[in-house]
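Start from the sequences and build out the full structure, keeping to the hints where you can.
Chains as they are written, first to last, in the working numbering: chain B, 2 to 267; chain H, 14 to 258.
No wet-lab data here; the hints were simulated from the structure. Please note that the accuracy of each hint is not assured.
As the list claims (entries may be wrong) - Here are the computed lysine-lysine pairs in the BS3-like style, where the Cα-Cα straight-line distance is at most 27 Å:
#, chain 1, residue 1, chain 2, residue 2
1, B, K161, B, K260
2, H, K34, H, K77
3, H, K145, B, K161
4, H, K77, B, K260
5, B, K203, B, K260
6, B, K161, H, K34
Note that the coordinates shown come from a computational prediction; the quantities given were computed from them, not determined experimentally.
If you want the building blocks of each chain, they are given just below.
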Amino acid sequence: MTRHQRNQVLQWAVFAAGVLAVVAFLWATVEWDAVRRQFFNAEVFRDQFPTMLTEGVRNTLIYTMIGFGGGMVFGLIAALMRRSSVPPARAIALGYVDVMRSLPALLVILIVGFGLPLAFGDNLPTWANSNFVAGGFALALVAGAYLAETIRAGIEAVPKGQGEAARSLGMTAGQTTFTIVLPQAFRIIIPPLTNEFIMLLKDSSLIAVLGIIVGQRELTTIARQASNSSGNYTPLIAAALCYICITLPLTFLVRRLEKRANAGTR
Amino acid sequence: MTAAIEVLHLTKRYGDNVVLKDIDFHVDEREVVCVIGPSGSGKSTLLRCVNRLEDPTSGQILIKGIDICDDDTDLNDVRRRIGMVFQQFNLFPHLSALANVMVAQRKVLNRSSGEAELLARAQLDKVGLGEKADSYPSQLSGGQQQRVAIARALAMDPEIMLFDEATSALDPELVGDVLAVMRDLAAGGMTMMVVTHEMHFARQVADRVVFMADGVVVESGPPEQVLGAPSQPRTQQFLSQVENR
Chain B
2 MTRHQRNQVL QWAVFAAGVL AVVAFLWATV EWDAVRRQFF NAEVFRDQFP TMLTEGVRNT
62 LIYTMIGFGG GMVFGLIAAL MRRSSVPPAR AIALGYVDVM RSLPALLVIL IVGFGLPLAF
122 GDNLPTWANS NFVAGGFALA LVAGAYLAET IRAGIEAVPK GQGEAARSLG MTAGQTTFTI
182 VLPQAFRIII PPLTNEFIML LKDSSLIAVL GIIVGQRELT TIARQASNSS GNYTPLIAAA
242 LCYICITLPL TFLVRRLEKR ANAGTR
Chain H
14 MTAAIEVLHL TKRYGDNVVL KDIDFHVDER EVVCVIGPSG SGKSTLLRCV NRLEDPTSGQ
74 ILIKGIDICD DDTDLNDVRR RIGMVFQQFN LFPHLSALAN VMVAQRKVLN RSSGEAELLA
134 RAQLDKVGLG EKADSYPSQL SGGQQQRVAI ARALAMDPEI MLFDEATSAL DPELVGDVLA
194 VMRDLAAGGM TMMVVTHEMH FARQVADRVV FMADGVVVES GPPEQVLGAP SQPRTQQFLS
254 QVENR
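This is the structure we're talking about:
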């Protein structure tokens, strides 16, 4: 055996010993029967469908889309305001970002959820009195603050010469921003944007604090209710699988998209 | 006749650092002026002031008689009439070569996409890159990118062209193609202000050479005079350093 091979064998041995120790510990201490019965009950698992898909996954996606779409709008506006030549505009954007980032999403959802109907009273159309509007709006507010910083970082990552080239051709500041700078900025920030989207996907479970209405429940809420009523935790595992089934393909897709964007244009 | 570019008493300061000191400078219609000098002499800053990518601290800059430091001047309209070529090319990486040459025609001149494409293809042909129209900047060599950048500027029908060390970032074997395009442009009667380190080009193409050092114009005149028989010791010193390389 060469020195290198000896080294390799040693590293594998350490790894195997570690795995063995953990497995042995769990084998001796965990009550596997109870775990299997309570978390991996095939019958209860089957009972979760299709509701978990038709209501849970559907609403989770809707909350996330509203939050992300609204967040992008708020974020873009705040990011552009941060670069404004009007000082109060900069101050407002900065205040929004700093305040929203220091609050827990749960708290924002509660404040918006209870505050919106109170503040606007009868002016609020009846259709707007739903978790989709209040919860989605609250998520958008929170996401917008983080997205504003991400978008700003993206804008600043575009080389200064790009703006100069556009301006030297006679393009206005607005044309330069929207046709030259932002398209490049968004390409740069695809990875952090994916991250924000996934965070938001999970934060959508917090909307349940606004009250649980059948038809407006998302994955986590449905799972919690089902496990309470059945006395079995399998629905939680079913929900977990659903989250993974949304997130992993998305991550994969974005990674491919990113590769293609980089190959073509840089 | 009013000069194409007229710079009067231009001073540019960054904090305490005075980059341009009371500069008087002009480029006549259809004249090719090469600005040479050591790095840090302020020649690029002077060029960037001409289309106000840099704001002068004081002084006057007139483009065809229009004061571009006047707050009432439509700066975008003036810039549209001045083409600029950068050391780092600054092509838009998310657009194909063709789209690079089209985008400002569409946005600034409001040309139809058919007309803009026709003119863009003609300009790309002229710089010898008609076949690269669909390539992205990342797929082009530095020399090709710079020629697309020149086509992009020319597509706006500029009356003046500014070149900011257009060949300094290129591999030596790619410099020739870019200089050839610039030479053609000069022969066609374009008004040009060229900041360059290419002494050979300056000697052959320039109507006038301006030597700058430490933020002032040291010497100015026909190339055979400034480059061949410089009267100022600072110019002589610079030229001997350049030639000894």
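Okay, the hints, checked on the actual structure:
1. B/K161 / B/K260: holds (24 Å)
2. H/K34 / H/K77: holds (23 Å)
3. H/K145 / B/K161: holds (26 Å)
4. H/K77 / B/K260: violated (48 Å)
5. B/K203 / B/K260: Given pair B/K203, B/K260 holds - Cα atoms ~26 Å apart, limit 27 Å.
6. B/K161 / H/K34: Roughly 26 Å separates the two Cα atoms, so the pair holds.
In terms of the numbered hints stated before, the structure departs from hint 4 and from no other.
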